[in-house]
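Quick note, the sequences are listed as chains E and V, same order. This note's numbering puts the last residue of the first sequence at 357; the count rises by one with no breaks. This note's numbering puts the last residue of the second sequence at 301; the count rises by one with no breaks.
Derived by calculation from the structure, the hints in this document are not laboratory data. Among the hints, erroneous ones may be present.
No farther apart than 16 Å at their CA atoms in a straight line, the calculated lysine to aspartate or glutamate pairs in the EDC-like style are these [what the hints assert, rightly or not]:
(1) V:38 x V:274
(2) E:164 x V:274
(3) V:203 x V:102
(4) E:316 x V:119
(5) E:144 x V:100
(6) E:144 x V:274
(7) E:228 x E:238
(8) E:164 x V:272
(9) V:38 x V:188
(10) V:38 x V:102
(11) V:38 x V:119
(12) E:144 x V:188
(13) E:236 x E:173
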Amino acid sequence: MTGRLVLATALAGVLVVPLVAPAYHVLLMLPFMAYGVALLGLNLLFGYTGLVSFGHALFLGIGAYTGAFLTHRFGVRSLEVIVVTAAVLGALVAAPVAALCVRYVKIYFGMLTLAFGMVFYTFVLKFYRLTGGDEGTPYLRPSLLGFALDGIPKTDYLTGPYYYYSLAVLILASAVMWRVVHSPFGLCLKTIRDNPAKAETLGIGVRRYRWYAFMISAVYASVGGALLGAPIGNVDPTLAYWTHSGNIVFMTLLGGFASFFGPILGAFVFIYLEDFLKSLAPSSWRLIFGALLAAIVIFAPGGLMGLFRRARPLEASRA
Amino acid sequence: MTPHLVNVVMSGIFHASILFLVAAGLQVVFGVQKIFNLACGSFYALGAYVGVSAVQAYVSAGGPPALFMLPLVLAGLLVGVVGVVVERALLRFVYERDETFQLLLTFALVLMLEDLIRLTWGTSPLSTGGLYLVYGQVRILGAAVPVYNLIVIAASLVIAAGIGALLTRTAFGRIIRAAADNREMAAALGVDMRWLYAKVFTLGTALGTIGGALVIPATAAMSEMGIELIVEAFAVVVIGGLGSMRGALVGALVVGLLRAVAISVYPELEMLLIYLIVIAVLVLRPRGLFGTAATAA
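Chain E on its own, in the form it takes in the complex (with noise of 0.2 Å):
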């Protein structure tokens, strides 16, 4: 019941802050959002199914780079368009990738992930005619619902249309996530996670559903990475690199791995976080992040939701 009360709070409070906040903040809402998308799918893999990606940062660089040519080469403006492409050049992508990887488990499995996205990335980087290399791609500002939107400031566009329509994609992608983790196929997800052989004894075709999985989060990886790279308005191979793959999951982990909308949740503090610690110490927010992440890992694996509610038995002992 809490849990409710707490849920409406903090959806009717992202629903004011455009109209309460400052610009600024808003704005900062705009990644957390995009990250938020992305963070449901890098979840059911990592918290409901047990494997952590180290390259999912190269759906997100899909979907960023999927916005950016159709909006910059081809002149298709909807971002109703982009997004769906995005998820099928993602599926697309993710299809063998995903039947690779899932032959493997744990560090195996980190690696092999880590290793798709590095050829995404040097694949970006180095084609520099196709991709605009180290200097990126614009990604135009997207119409929405069939509305151009090109007449009004942009920060007016951000943090209005823009900010509802991020916000209606990630409620709709958690609405349809809650559905997919609590039914038999989410309960599959973690009787795999939690015993592989007992699933395969149980009939669970244990490769097939990693790869189910793997498919899902590349989709909402991709959806995640479109949405991404609007505000930002270019997109650079960067969003592909190794580091951005692990900091998704250090938000993941923030957050709290074990629950639903732990990432999402850890999605937002990284933001706000970061910015606050990038304005306060330029030179050193890295060395404070990377102490955070040592001491969630050390003393709390259950990021802040496992902190929320120490009093359950928690969920991420398992490890």
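Add chain V to chain E, keeping to what the hints say.
Frame of chain E; chain V shown alone:
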């Protein structure tokens, strides 16, 4: 054509000998502690910066330029003691945890060390100036090769032989191999695992820092050098096989030479080619060329 080919091959082998040192550090730690240390690249960067500072201090103190390798190597080795600090202060808490958490802890180290280096040495590249060519160049088949490169290649081979001897011929080496094979059994037979872990991690760290120190006369120390090198060292250990020293040597040669060839023939392919090979190895032979670890689910 021949001098050009010699240049490519020699620069490939030079790069391979540096890569080997870092990868060997990664391997020894993974072999015993089963931790994939993402921070090995950061240790390499740390070694490079400390090496630059040591050489600069040495030069301004009026030391003869020909002996600059002495402070360089000494500094590279000494800074390896950060390994024992990291192991005792952080890693020892997570040995019982899932390897994901161990991986993330080393990622935290990457973040921290990157800023520590920036805070200490600033953001602009540092180099040791003209000392690179103080030993002159030799002509091999018409190509001019800096003698320093040959020294580093030789040093790397000596270190490789030294590690080989350490692992196979000393009691400490036997303990390392026993612990890598079966840590419960080793502990039951009376090996103090805490000390072993501290020593092994320090050894792994020192290999990384000495690699960084040795590379520095040939290039400049930059704050991104660590996170860039880790992806190459990663390729080396995957190709060679996780935990295998011979694998590190062969993997380093493969990556070093391929990189050199790709840069001279078709630069766009540089890392892409290496990563395609990494994927091919992981898919076709996940244990790598020399690895033994079981990998399947």
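**Proposed proximity, residue 238 of chain E with residue 228 of chain E (alpha carbon, max 16 Å)** = holds, 13 Å
Between residue 38 of chain V and residue 102 of chain V, does the CA-CA distance stay at or below 16 Å?
OK: residue 38 of chain V and residue 102 of chain V at ~11 Å, within 16 Å.
- prompt: CA of residue 144 of chain E to CA of residue 100 of chain V, is that 16 Å or under?
  reply: Holds, at roughly 15 Å.
*Given the hinted pair residue 38 of chain V and residue 188 of chain V, is their alpha-carbon gap at most 16 Å?*
With a Cα-Cα distance of about 13 Å, the restraint between residue 38 of chain V and residue 188 of chain V holds, given a limit of 16 Å.
ask   = Given the hint that residue 38 of chain V pairs with residue 274 of chain V, does the C-alpha gap stay at or below 16 Å?
value = Distance ~30 Å between residue 38 of chain V and residue 274 of chain V Cα, so the pair is violated.
Requested in this report: With a cut-off of 16 Å on the C-alpha distance, tell me whether residue 203 of chain V and residue 102 of chain V pass.
Outcome: violated, 22 Å
Residue 316 of chain E and residue 119 of chain V were given as a pair; does the straight-line alpha-carbon distance stay at or below 16 Å? Satisfied, since the Cα-Cα distance of roughly 12 Å is no more than 16 Å.
Exercise for review: With a cut-off of 16 Å on the C-alpha distance, tell me whether residue 164 of chain E and residue 274 of chain V pass.
Suggested key: holds, 9 Å
| query | Has the given pair, residue 144 of chain E with residue 188 of chain V, been kept, meaning a C-alpha gap of at most 16 Å? | reply | violated, 21 Å
Has the given pair, residue 236 of chain E with residue 173 of chain E, been kept, meaning a C-alpha gap of at most 16 Å? violated, 50 Å
Please verify whether residue 144 of chain E and residue 274 of chain V have alpha carbons no more than 16 Å apart. violated, 28 Å
**Prompt:** Given the hint that residue 164 of chain E pairs with residue 272 of chain V, does the C-alpha gap stay at or below 16 Å?
**Reply:** Holds, at about 5 Å.
When held up to the earlier numbered hints, the structure conflicts with 1, 3, 6, 11, 12 and 13 and fits the remainder.
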